[in-house]
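My request is simple: use the sequences and hints to build the entire structure.
Protein chains in written order, with UniProt numbering: chain P, 1 to 169; chain D, 1 to 464.
Source of the hints: derived by calculation from the structure; they are not laboratory data. Note that CB positions come from ideal geometry on N, CA and C, so glycine has one too. Errors might be hidden in some of the hints.
What the hints assert, rightly or not - Straight-line alpha carbon distances no greater than 16 Å define the calculated EDC-like cross-link-like pairs of lysine to aspartate or glutamate that follow:
| id | chain 1 | residue 1 | chain 2 | residue 2 |
| --- | --- | --- | --- | --- |
| 1 | D | K429 | P | E88 |
| 2 | D | K339 | D | D387 |
| 3 | P | K116 | D | E443 |
| 4 | P | K116 | D | D236 |
| 5 | P | K163 | D | D118 |
| 6 | P | K72 | P | E88 |
| 7 | P | K72 | P | E110 |
Stated by the list, open to error - Label pairs and their computed distance ranges (CB to CB):
| id | chain 1 | residue 1 | chain 2 | residue 2 | range |
| --- | --- | --- | --- | --- | --- |
| 8 | P | G157 | D | R411 | 42 to 48 Å |
| 9 | P | L31 | D | Q423 | 40 to 46 Å |
| 10 | P | G157 | D | S436 | 32 to 38 Å |
| 11 | D | I395 | P | Q65 | 43 to 49 Å |
| 12 | P | K72 | D | E309 | 45 to 51 Å |
| 13 | P | L31 | D | Q54 | 46 to 52 Å |
| 14 | D | E310 | P | D125 | 53 to 59 Å |
| 15 | D | S161 | P | D103 | 46 to 52 Å |
| 16 | P | L31 | D | F10 | 49 to 55 Å |
| 17 | D | E309 | P | D160 | 55 to 61 Å |
| 18 | D | K282 | P | N66 | 24 to 30 Å |
If you want the building blocks of each chain, they are given just below.
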Amino acid sequence: MGSELSIPELCAHFDSEELRRLGKRFKKIDLDGSGSLSIEEFLRLPELQQNPLVQRVIDIFDTDQNGEVDFKEFIQGMSQFSVRGDKEAKLRFAFRIYDMDKDGFISNGELFQVLKMMVGSNLKDAQLQQIVNKTIIFADKDGDGKISYAEFCDIVGSLDVHKKMTIDV
Amino acid sequence: SLRLQPLEAFYWAVQLIGRLVGLVLLVATLLAVFNFSFGIRRLYIRILLHLFEQAVEKRRPPSRKESSDNLSRDNRLIQRHAKLTTEGIELLHADCASSDDPSKASTSSQKRPFHLSDLCVFVQSGIESIIEDEVTKRFAAEDLASWNLLTRTNKYQFISSRLTCYWVLGCFLRYCILFPFRMLLALTAVLYLVIGSLIIALLPWPGLRRYLNSILTPTAFRLFARAFSAVLRFHDVENMPQNNGICVANHTSPIDVVVLGCRQVFSIVGQSHGGFTGFMQKTLHRTSPHIWFERSESSDASVVKRKLEEHVSTPGLPPVLIFPEGTCINNTSVMMFRKGGFEAGGVVYPVAIKYDPRFADCFWNSSACGMVTYLFMMMTSWAIVADVWYLPPQIQQEGESSVAFANRVKRQIAGRGGLVDLQWDGNLKRSKPKSSLQEQHREAFRKRIYGLSVTDQMEGSGAG
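Structure below.
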């Protein structure tokens with residue numbers, strides 16, 4: 001596994017001290033020392049395991065979709081949350097949570113699936129579908145039945161969501 | 001003749017060293033028996049502290065993060081803004097909250113229709129818990145703010161040649177001088193305990209046996225404590241556990257037993273082990289009743305409860321020593337207390353134990369190393385410096401459940417010892433949390449977005 005020093009172009013948002021901390025943390029989570037974090041290793045963190053959106057978060061970190069998060073992906077993912085990261089990056093991250101197939105649009109089905117993750121079986125599908133439909137109608141300005149990134153930013157951008165999605169390493 | 005001279009001299013030297021060592025061991029034993037100290041260990045600790053301060057000056061200047069770390073007791077990497085806990089979602093430091101989230105309130109109490117931004121709190125707490133989570137960091141050694149010249153706490157980084165020099169000298173001192181001597185002292189303590197207990201067990205009078213044991217066991221533990229160069233500070237000794245009481249303490253390592261056992265005889269409640277630990281358990285059991293159980297039995301809590309009740313109601317028996325966390329934690333926090341010790345009906349004597357992490361990392365990670373390896377690491381650390389606080393005795397109040405009683409005592413222990421009070425189960429070291437926790441959060445979220453009637457929802461989404 002490369003040390004922090006071998007990824008100079010990535011650390012735009014982290015200084016060397018922060019990279020060192022993140023590296024240490026990465027090593028602690030990487031129990032088998034394989035150099036990348038599998039879902040099982042993530043799920044050994046009790047706080048993360050009870051998070052309804054854990055799968056989506058890990059999926060976004062895993063940019064090459066090989067099922068594991070290596071250190072580069074880890075840093076790049078965290079970088080979007082850094083204090084020095086821009087609002088755009090944070091909104092993009094939030095958008096990607098919903099946009100499961102990464103086609104740049106949140107479809108009705110995708111919103112349904114993510115909402116179902118957050119609510120579980122505590123709501124009937126019909127009730128859930130109602131909420132999804134309402135949300136899309138409200139957000140969909142160009143009438144294509146999906147929420148584009150621009151439409152997403154319109155709704156969410158004004159709420160200072162980017163401030164809620166910041167970590168100070 | 002000339003050829004014999006060097007050999008004779010050699011034998012003579014060995015005999016002399018042997019006699020000297022024997023004399024020192026004898027003196028140490030006598031000092032332990034009479035609980036007298038020359039103050040050598042305290043002086044040693046002061047010198048070490050002075051040395052560590054010098055080491056800190058040499059390090060890189062503290063960044064803004066480090067200075068706030070030094071202020072917070074809990075040595076955090078980041079400031080948490082959102083936490084998923086067993087009690088719901090906690091929002092902290094709500095300077096980042098928008099107008100619809102009141103500060104420090106659980107979001108589950110606020111009802112509003114679903115909004116696309118609702119995922120933020122889950123994402124935030126997820127990311128934060130990847131970087132630092134409250135639970136797993138309790139199962140690894142505490143991070144120190146500054147290096148204490150032990151490579152086991154901080155990977156070695158070259159800072160200055162003076163520091164490296166200190167480190168090398170330190171290694172030599174610890175491994176080549178202190179360790180052999182401590183080893184001998186520990187062996188003396190074991191021999192003393194074994195032979196003493198064999199003799200006492202042979203005597204026919206139980207009263208006499210008990211009296212002699214009340215001298216033997218604490219002095220043996222004191223000798224053990226010296227084998228670790230232990231400097232122990234006891235506070236509020238007037239609250240010391242009495243006969244037939246139940247002493248509860250936070251658990252960091254097997255040395256907790258030695259620390260508490262220096263002052264009085266306990267009946268220890270613990271899991272029966274094999275090997276060296278099992279041997280020690282058998283030795284102790286010869287002279288005083290203890291409660292040992294199999295780990296499989298501990299899930300059958302009624303067995304332990306019955307044994308405890310029997311012990312507490314038989315007059316004249318020493319206080320029970322129980323560690324309600326059930327496993328070793330790293331001494332920065334107190335985790336969930338099992339209610340077993342609090343149901344037996346006796347008077348509970350809470351005790352808080354805090355080790356100074358600069359001198360040794362006392363946390364025993366039983367999955368990482370066995371008992372003997374652990375003792376070796378303890379004996380090659382600088383010293384064991386611990387504060388022990390005896391808190392006032394507690395009884396179960398009217399209408400208070402055992403769980404509430406346990407939590408109350410836990411809060412007291414955490415407060416006194418300067419430890420973080422956590423609701424998490426220490427057993428998470430070995431097993432995964434219940435899936436019901438995830439369901440709990442889902443249900444809370446559902447209540448938030450669907451508690452309203454249809455018309456309310458239409459108005460809400462119109463305004464949002």
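The hints, checked one at a time:
The straight-line distance between the Cα atoms of K429/D and E88/P is roughly 39 Å, outside the 16 Å bound, and the hint therefore fails. Annotation: proposed proximity of K339/D to D387/D is violated, straight-line Cα distance about 25 Å (limit 16 Å). Annotation: proposed proximity of K116/P to E443/D holds, straight-line Cα distance about 11 Å (limit 16 Å). A C-alpha spacing of about 55 Å is found between K116/P and D236/D, which places the hinted pair above 16 Å, so the restraint is violated.
Under the criterion of a C-alpha separation no larger than 16 Å, the hint pairing K163/P with D118/D is consistent with the structure, at around 14 Å. This hinted pair does not check out: K72/P and E88/P have alpha carbons roughly 21 Å apart, beyond 16 Å. Of the supplied pair hints, the one linking K72/P and E110/P is violated, its CA atoms being roughly 28 Å apart against a limit of 16 Å. The beta-carbon spacing between G157/P and R411/D, approximately 43 Å, falls within the hinted interval of 42 to 48 Å.
Taken as a hint, the range 40 to 46 Å is violated for the pair L31/P and Q423/D, whose Cβ atoms sit roughly 25 Å apart. Remark: the range hint 32 to 38 Å for G157/P to S436/D is upheld by a beta-carbon distance near 36 Å. A hinted range of 43 to 49 Å is violated for the C-beta pair I395/D and Q65/P, which are about 60 Å apart. With their beta carbons about 59 Å apart, K72/P and E309/D fall outside the hinted range of 45 to 51 Å.
Separation of L31/P from Q54/D is about 37 Å and departs from the stated range, judged on CB atoms against 46 to 52 Å. Judged by the Cβ atoms, the range 53 to 59 Å given for E310/D and D125/P holds: they are separated by roughly 56 Å. Checking the proposed 46 to 52 Å range against S161/D and D103/P shows it is violated: the Cβ atoms sit about 59 Å from each other. Our hint of 49 to 55 Å for L31/P and F10/D holds, since their Cβ atoms are close to 53 Å apart.
Between E309/D and D160/P the Cβ separation comes to about 58 Å, which falls inside the hinted range of 55 to 61 Å. As the Cβ distance of K282/D to N66/P is approximately 53 Å, the hint placing it in 24 to 30 Å is violated.
Violated hints for the displayed structure, listed by number in ascending order: 1, 2, 4, 6, 7, 9, 11, 12, 13, 15 and 18.
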